[in-house]
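One letter stands for each residue in the lines below.
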Amino acid sequence: MLAKRIIPCLDIKDGQTVKGTNFLNLRQAGDPIELGKLYSEQGADELVYLDITASHEGRKTFTELVKRIAQEINIPFTVGGGINELSDVERLLNAGADKVSINSAALRRPKLIDEIVNNFGSQVCVVAIDAKCEDDTIHENGDPRIDGDWRCYVNGGRVPTERKLFDWAREVNERGAGEILFTSMNHDGVKNGFADAALRKLADTLTIPVIASGGAGCREHFRDTFLNGHSDAALAASVFHFGEIPIPELKQYLRSEGVNVRT
Amino acid sequence: MCISLKSCTFATVLYGLVKQMNVAIVKYNAGNIGSVENAMRRLGIQPTVTDDPEIICAADRVIFPGQGEARSAMEYLKAHRLDEVIVGLKQPVLGICIGMQLLCRHSEEQDTECLGVFDVDVKRFEPQNHEDKVPQMGWNTIEDTKSVLFTGFEKPEYVYFIHSFYVPKCEWTIATTNYIQPYSSALHKDNFYATQFHPEKSGSVGERILKNFITMRNQE
Chain R
1 MLAKRIIPCL
11 DIKDGQTVKG
21 TNFLNLRQAG
31 DPIELGKLYS
41 EQGADELVYL
51 DITASHEGRK
61 TFTELVKRIA
71 QEINIPFTVG
81 GGINELSDVE
91 RLLNAGADKV
101 SINSAALRRP
111 KLIDEIVNNF
121 GSQVCVVAID
131 AKCEDDTIHE
141 NGDPRIDGDW
151 RCYVNGGRVP
161 TERKLFDWAR
171 EVNERGAGEI
181 LFTSMNHDGV
191 KNGFADAALR
201 KLADTLTIPV
211 IASGGAGCRE
221 HFRDTFLNGH
231 SDAALAASVF
241 HFGEIPIPEL
251 KQYLRSEGVN
261 VRT
Chain W
1 MCISLKSCTF
11 ATVLYGLVKQ
21 MNVAIVKYNA
31 GNIGSVENAM
41 RRLGIQPTVT
51 DDPEIICAAD
61 RVIFPGQGEA
71 RSAMEYLKAH
81 RLDEVIVGLK
91 QPVLGICIGM
101 QLLCRHSEEQ
111 DTECLGVFDV
121 DVKRFEPQNH
131 EDKVPQMGWN
141 TIEDTKSVLF
151 TGFEKPEYVY
161 FIHSFYVPKC
171 EWTIATTNYI
181 QPYSSALHKD
191 NFYATQFHPE
201 KSGSVGERIL
211 KNFITMRNQE
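Protein sequences appear in the order of chains R and W.
If you're matching positions, the first sequence starts at 1 in the working numbering and goes up one per residue.
If you're matching positions, the second sequence starts at 1 in the working numbering and goes up one per residue.
In isolation and in its complexed conformation, chain W is listed as follows (with noise of 0.2 Å):
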């Protein structure tokens, strides 16, 4: 009784906080931006979709999501000063797809020099029989997940993957795939978080992942 009754307590306040959350979607050429703010909403979240630089900087949280082609959005967020801008982001940040594939070094997709957090390249899936389909669509694994990102994981949890291109297991995997080889489903540096995969779209398991970089302490 007494348990419940504090594990209630501090749902409660969890709530009280992510609800008070200051969360900015970053706003750029990319597709899918709409199901991230949809899916903080269901959260409890009010979330800012924007490219005012200010506000991004002043948030408590920032999401770098997307759908789309390297070179193009690099193109815009050069044009509107978003490289800038994130990249000297020091609250926590998560990437999201194209957004995870942008904080690489350098991706094959056009050629594109990308924005350098994560010092890794990004490169296409290269089928290796008839079975290894790209993009690689639909609902695949995460395992070895080391990261508060993963905080309640205790086995290889599904999640919903579209994509052609991927980032190679690095220092910074916290997260890995297999898909025609181990990759990296996941990446964290320092503030910076990322995930190949859609939290947005992967079901409750994904609601957990959106929730752990909600309530995160901002060290971690």
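For reference, chain R alone in the conformation it holds in the complex (with noise of 0.2 Å):
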């Protein structure tokens, strides 16, 4: 049986790991292929490397790094931030990387995507999206039972869009990515839980993975996640950066708990 897969991710700026809270706030986390190595051997499925600088001098230095990130990492990673157009994709697919996340490049331009397909494949292309939730007034930021009306976001959940999140959610399964990554923008940084509610609706209605992202606070939202939000795989990154969950323990609980992941 396909396994359930356990992603950290990895906030790069200037060659280092970052981790912010609510898109704010960076603190330090430590060298990324030190960390990619060390998360690899504790039996992570896949890394994810988000590159969040902007200038072109840190996209050279970015490149660099995917290329020693590919020589030592001996698992599948993603990398994703600053993705404009199909030459960024084929100069980090070239520098190594098994796949590249966009964002903001295909809510612009939602063409993107069916050229990265086209070129490389569906399994490369993963797309990535940030909505908030703007009808929750039941229930408090985090609670993994919000859901309604879910706008997308664009520029790291700074700018509004008119996209709404199940909308686009079908156009970009439909236009051929590989796998969708959702971080709802109420549960990012809280650490009370996942968006279950939405994530399952998005697991029960697309035919593509989708991966969930924000929230992850302790053990229990990892299986609940998985059981009640359908979600193929989790990522998330601070419980992991400050060794708050340790995978291998995450993993064994998860087996316990009657969710399938590789050990």
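Hints may contain errors.
What the hints assert, rightly or not - Derived BS3-like pairs (lysine-lysine); straight-line CA-CA distance at most 30 Å: (1) W/Lys-155 to R/Lys-37; (2) W/Lys-211 to R/Lys-37; (3) R/Lys-67 to W/Lys-27; (4) R/Lys-37 to W/Lys-27; (5) R/Lys-37 to R/Lys-60; (6) R/Lys-60 to W/Lys-27; (7) W/Lys-155 to W/Lys-78; (8) R/Lys-67 to W/Lys-211.
Said to hold, decoys possible - These stretches of chain W come out as covered by chain R in the derived footprint (C-beta under 8 Å, 3 or more residues): (9) 62–73; (10) 144–154.
Bear in mind the hints are in silico, worked out from the structure with no lab data behind them.
Cβ atoms here follow ideal geometry from the backbone N, Cα and C, with glycine treated the same way.
Build the complex: two chains, separate frames, hints provided.
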């Protein structure tokens, strides 16, 4: 049986790992390659490296980092951040990335998805969606039950768009993307659990895998997103970086709760 | 003490052999070839990535990797005469992912005639219920392993897959995986070995498989 995946996410700025809380306040969390290797040895199923530098210099540094990651890491890894056109995708795949994650660029120009799929195949194309629920009147922020009208945001969650989450996700699926990485802005950094109600709707209507992101605070949240949210994979950063949830223990726990994970 | 000394010497000799191993990786219009090159380097091997028939034929081991689409890959191989070269190889050959599918007779992907080393046809996954997402993407187990490729395997191990097409179980099946139905996750016939999964991305389990391929005796 196909295993549910655990994916640590490493935000990279100037060659170092950082983690934001609610997309703000960056804290240092170690060397990206050492950390990636450690996660791989601990049983992480994939890694995501997000470039959060904006400058041209930063892009070059990140591409060099991707080459070194590809040389040293023996599990699949996705890279994202600042991918605007097909040439960015080509540069990162040539550097050795297994998949690329696109976000704002896809919302601004959805045809980019078709271009990536036609040139490199569905399997390399992860579309990340940052969305915020705007009628969560009955629940507090971070409550996994939050659901309703979800609006997609661009530029790292700073700028709202006219797009609605479920419509956009369906379109992304139809255009041939390989996976969707959904981050709930209501849950990110709150550590109260993933947006399982919305994730379940996505997972049950789409034909491609859905990665849950934003809200992991304890191991039960991972169990809930797999069992209740029907997520195919779960992504988290700070709970791994700061050792709050060691991956071997998390996997052992998930297995004992009836979740099929790789051991 | 004596035993550990012996095994230590054996490991050193083996490492020496591995380092001298002349490994060719077939270069063609498929993605992901660099990953296999990187994986070889992690094992201490300096592989040659090439489409030169002479270098490929002279290698101790040939790896036929890739990620891509069957028809355009076959067209490229034919245009570069690599189809004849690959089929005629006598040393151990390892096909990976699309490399494995291209070693079969025919693929449903764009109705493509393939190389025909394995007399079996490649099918498209047909989802039976909503959980059956295509492509299969992620870690699944290989079971009923029977080949020198899997030396040292005592239980079903997880390896990494990304694919929309599969090879049904057949007389050359040396590992089985269950996704929608049981299918061939590895094949072996004469000097040809093939895996549907990506050993180069399958952590320490994948490294063991690649090492087994490199160190196997030529007649196995």
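Fill in: Hints violated by the structure (numbers, ascending)
7, 10
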